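S.K.: Sequence:
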Amino acid sequence: GEVPLSEASRLVVIDKPGAPQSLILAAQLAPPTGVENNIELELMNDVIGGAYAARINQNLRVDKHWSYGAYTFFRDARGQRPWIIYAPVQTDRTADSLRELQDELRRFLGTHPATPDEHTRVFRSNAYSLPGRFETNGAVLGALLDNQRFERPDDYVPKLKARYEAVGLENLQAAAEEVLRPDGITWVVVGDRGEIEEELRALGIAEPEFMDTDGRLLPPLEAADETD
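Okay, so the sequence shown: first residue is 8 according to our numbering, each after it adds one.
Simulated from the structure, these hints should not be mistaken for lab results. Among the clues, some could well be false.
As the list claims (entries may be wrong) - Computed spacing ranges between beta-carbons, pair by pair:
1. L137 x Y75: 26 to 36 Å
2. D70 x G211: 16 to 26 Å
3. A173 x R223: 28 to 38 Å
4. R140 x L224: 38 to 48 Å
5. A15 x D99: 23 to 33 Å
6. P165 x P226: 51 to 61 Å
7. L228 x G139: 19 to 29 Å
8. H119 x P11: 28 to 38 Å
9. G175 x P89: 25 to 35 Å
10. G76 x N154: 24 to 34 Å
11. F157 x P11: 33 to 43 Å
12. T127 x A84: 27 to 37 Å
All of these numbers come straight from a predicted model, not from anything done at the bench. For glycine and all other residues, C-beta sits at the position ideal for the given N, C-alpha and C.
With the sequences and hints as input, model every part of the structure.
M.R.: What follows is the structure, encoded as C-alpha cells:
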C-alpha cells in the first residue's frame, strides 16, 4: 500500500557548528514516475525549481543573492517517489530562505499560478532537447529499460513531443494542485544551530527537532550548556 501523505510539516535541524552556510533540504511524497500525467508533473517542476530560470532559483539566487543555486527535482521510483527541494543558503538568511521557499509553493497554488511565458519556456526546453537526449546507444538503452521499469508502451519516446504539445497551462496547474502540499513537507536544515535556531523557531513552520551529524537527538541549548 501507499504511505499516507503528511498532514503537517516537520522541521529537522542537523547541528553543524561552524558551518559556513546552511543547506536546506525538503521533501514530500509524489505519485510514481509511471503515472499518466508524469509529463505534466515534470513541467510543473521545471517552472518551480527544475531549471536556472525557475522561480526559486530566480528568487534566492538572482534576486536576493542568498544562494548559489536553489532547485527542485523528482527521484524516479515505481511506487511513490520524493519531490525534493535543494537550497544551500547563507547562514544569516536561513530562516528567510525557508520562508521564501514555502511561500513560492503557496503562491504557485494561489495568487501566482504558472504563466503562459513559463509554460512556453518549459515546453520548449523539454521538447526541443529531445534529439540530444537520445543520441547515444546508452541513452536509447536507458529509455528502453525505463519503459519496462515504469510499464510504459514501447512507443513512449517517439510520442514524447506530442505529449509535451498536449500539455496546456491548465494541465500544468492541475498537476500542481494534485501534488504540492506546502503545509505537509519535511524540512531538513543542516547548519550552525547557534546561529539559526532562534529565527527558525520564530518561523512557526513546526517545532524544530535538533540532531547531531550522527542523527542523535540534541537537548535544548540551555540543557546542553548546563551539561557542559
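S.K.: For every hint, state whether the structure bears it out.
M.R.: Consistency of the hints with the structure:
1. In this structure the supplied range 26 to 36 Å holds for L137 paired with Y75, their Cβ-Cβ distance being about 29 Å.
2. Between D70 and G211, the C-beta spacing of about 24 Å keeps the proposed range 16 to 26 Å intact.
3. Between A173 and R223 the C-beta distance comes to about 50 Å, which lies outside the given range of 28 to 38 Å.
4. Range check, R140 to L224: Cβ separation about 44 Å, and the 38 to 48 Å hint holds.
5. Distance hint for A15 and D99: a CB-CB separation of about 28 Å, consistent with the stated range 23 to 33 Å.
6. For P165 and P226, the Cβ-Cβ distance of about 59 Å falls inside the hinted range of 51 to 61 Å, so the restraint holds.
7. Look at L228 against G139: about 52 Å separates their beta carbons, and that is not inside 19 to 29 Å.
8. Hint check: H119 to P11, Cβ distance near 29 Å, so the stated range 28 to 38 Å holds.
9. Our hint of 25 to 35 Å for G175 and P89 holds, since their Cβ atoms are close to 27 Å apart.
10. For the pair G76 and N154, the beta carbons lie near 32 Å from each other, so the given range of 24 to 34 Å is met.
11. Range check, F157 to P11: about 23 Å between beta-carbon atoms, so the 33 to 43 Å window is missed.
12. About 30 Å separates the C-beta atoms of T127 and A84, a value consistent with the hinted range of 27 to 37 Å.
Hint check: violations occur at hints 3, 7 and 11; the rest are consistent with the structure.
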